[in-house]
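Construct the complete structure from the given sequences, taking the supplied hints into account.
Each chain, letter by letter, is given below.
4 protein chains.
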Amino acid sequence: MVEDKHIDLAKPKIYPSWTNSTIRYSDLDPNGHVNNGAINAFFEDGRVCFRNEHMLQLGDDILAGFVLVKFSVDYLVPLFFPGSVDIGTVVTRVGRSSYKLGQGIFDGEKCVATAEVVTVSIDSNTKKSQELTHDLRAILERAMKV
Amino acid sequence: MVEDKHIDLAKPKIYPSWTNSTIRYSDLDPNGHVNNGAINAFFEDGRVCFRNEHMLQLGDDILAGFVLVKFSVDYLVPLFFPGSVDIGTVVTRVGRSSYKLGQGIFDGEKCVATAEVVTVSIDSNTKKSQELTHDLRAILERAMKV
Amino acid sequence: MVEDKHIDLAKPKIYPSWTNSTIRYSDLDPNGHVNNGAINAFFEDGRVCFRNEHMLQLGDDILAGFVLVKFSVDYLVPLFFPGSVDIGTVVTRVGRSSYKLGQGIFDGEKCVATAEVVTVSIDSNTKKSQELTHDLRAILERAMKV
Amino acid sequence: MVEDKHIDLAKPKIYPSWTNSTIRYSDLDPNGHVNNGAINAFFEDGRVCFRNEHMLQLGDDILAGFVLVKFSVDYLVPLFFPGSVDIGTVVTRVGRSSYKLGQGIFDGEKCVATAEVVTVSIDSNTKKSQELTHDLRAILERAMKV
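Just so you know, the protein sequences line up as chains A, B, C and D, in that order.
Heads up, the first sequence is in the working numbering, so the first residue is 1 and it goes up one at a time.
Heads up, the second sequence is in the working numbering, so the first residue is 1001 and it goes up one at a time.
Heads up, the third sequence is in the working numbering, so the first residue is 2001 and it goes up one at a time.
Heads up, the fourth sequence is in the working numbering, so the first residue is 3001 and it goes up one at a time.
One should not assume that every hint holds.
A short, non-exhaustive set of chain D residues, derived as facing chain C with CB atoms under 7 Å [to be verified]:
#1 P3012
#2 P3016
#3 S3026
#4 L3028
#5 G3032
In the DSBU-like style, the derived pairs of lysine-lysine whose C-alpha atoms are separated by at most 30 Å in a straight line are [said to hold, decoys possible]:
#6 B:K1110 to C:K2128
#7 A:K70 to D:K3013
#8 C:K2011 to B:K1070
#9 A:K13 to D:K3128
#10 B:K1070 to B:K1005
#11 C:K2128 to B:K1011
#12 A:K11 to A:K70
#13 A:K11 to D:K3070
#14 B:K1070 to B:K1013
#15 C:K2013 to B:K1005
#16 C:K2127 to C:K2110
#17 C:K2070 to C:K2127
#18 D:K3013 to A:K127
#19 C:K2070 to B:K1013
#20 D:K3100 to A:K11
#21 C:K2070 to B:K1110
#22 B:K1011 to B:K1070
Read the hints as simulated data drawn from the structure, not as lab findings.
Note that beta-carbon positions come from the ideal geometry of N, C-alpha and C, so glycine has one too.
Given below as structure tokens:
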């Protein structure tokens, strides 16, 4: 297992992969803040962009075998409409059959929320977890470094 | 063309097909009303349920060839959380290559919004509109009656 | 009543007011297209930006008295993730107690969907429609021209 | 601090507070599963219903002072359209200035996802965490028991 333990997800400089998304009026809650659901959708966009950037070469068959099993988010400050956010994504751990991403959402320099996400590789026949392939492991380990 | 012109979409009794959906907290706008986007999603659920109820027998190939081209909605009264709505759907016109649905969203007896929706049958090769099949026409004409 | 009748909503050049929004992975339907709900949310963002750009000077009291009563959209071509859209908004009619906006969503040069939206001014006490104020009428008539 | 440590969030019987929500077609991902964002919205609905059921008596001023700071979810099995879910919510810890909820989403008997959510009481002037009031503490401790 390769793990980066001493990482501060609220620091932009740790992220090698970035995407950007805009806030929608329909994201607003009755209290005038952006709903957490929109924050979570931004994290998802960061993960999909990370996958498109680094993992498409693995082919659809392998990609279909990944399942997001754990999503843990810290909401730091409220977000408002209109505006846009930058979403950073980094690999923080590569395990036997799973890997972990760290993510941060930024409103300019300000970190709005951070997340940790665990994805497991699943054998499509047995539906059980299976070892990460050598190719994937190499990709993920490269993506741990800025 | 078969058309039902004198139909009042705000009257529950005109609808042969019904589904139900719940309002979510995240549907709320800053003004405390349910966002129009949620209203529109309820209409979509009514259409998908109509399709599942009446049209699945046509097979995936035929269903894939339909494209929603026009959606027109009248918002009548605001809707609030928590709560649920009933969505009624009826066929109001069967044309050569398209058909029209009428829809109503109800909060109890009260009509919240009505919609008209035009769907066109598209030839998957030429991407042009094509005549409705005899089977589909028969299904749609049956669904015009309560 | 002032009305611009001969307007093609699919032409970018007619729009004096623009905003931009990004597509989210969660906007995708099972068929891989962006869901109509996201398209409708883009139209809403265009309207809110139009309001923020032209009408904030009217004050909250007046703005709270507007109700969107009719939304009619033509979906022209499918939209995909990832990507972003430009949303144009123009005033097409100024009536006694209501006004109409025309809107277009563009993926580069390509028009994805157009919409017409009717908003009515409501007296907050009687809940009935009321005449547009002179100030609002002046703002809207100015916004009819590119 | 009062804490219930040995609690299995995937067991329906632990939950004293329940609500129900329907799945929407627009919740579906390109892979035909319900998007995690919808799952997260169901959890939110469970929390809002818990608040409406147990905490409204505290008054708006107190309720406005709570901030959700941490949301951690385990996704167990995929969810499909159409259908509905039951959402259970329980208090699992009452701390000095924060409390923790446990939640479970159920598709019939089957647990689809579980979540842990930390909410902090914030002083509206200093924006710092403040001790839970005696009344709130009493409410929360009662809600720890089925």
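Hint consistency between A:K11 and A:K70 [alpha-carbon to alpha-carbon, up to 30 Å]: holds (22 Å)
Does D:K3070 sit within 30 Å of A:K11, going by the straight-line distance between their CA atoms? With a Cα-Cα distance of about 18 Å, the restraint between A:K11 and D:K3070 holds, given a limit of 30 Å.
Does the structure keep C:K2011 and B:K1070 at a Cα separation of 30 Å or less? The hint holds at about 18 Å.
Next item in the hint list is D:L3028. Is there a CB on chain C closer than 7 Å to its CB? holds (5 Å)
Please verify whether C:K2127 and C:K2110 have alpha carbons no more than 30 Å apart. Violated, at about 41 Å.
Has the given pair, D:K3013 with A:K127, been kept, meaning a C-alpha gap of at most 30 Å? holds (28 Å)
Measure nothing beyond the straight line between the CA atoms of D:K3100 and A:K11; if it is 30 Å or shorter, mark the hint as holding. holds (27 Å)
Please work out if C:K2070 and C:K2127 have their alpha carbons no farther apart than 30 Å. At roughly 17 Å apart (the allowed maximum being 30 Å), C:K2127 and C:K2070 satisfy the hint.
Would you check the hint for C:K2128 and B:K1011, treating anything up to 30 Å between C-alpha atoms as holding? Answer holds: C:K2128 to B:K1011 is near 22 Å, not above 30 Å.
Interface hint check: D:P3012, Cβ to nearest Cβ on chain C, cutoff 7 Å. Holds or violated? violated (28 Å)
Would you check whether D:S3026 satisfies its interface hint, that is, whether its CB is within less than 7 Å of any CB in chain C? Holds, about 5 Å.
Given D:G3032 as an interface hint, is the shortest Cβ-Cβ distance to chain C below 7 Å? Holds. Min distance 5 Å.
The structure fails hints 1, 2, 15, 16 (numbered hints given earlier, in ascending order).
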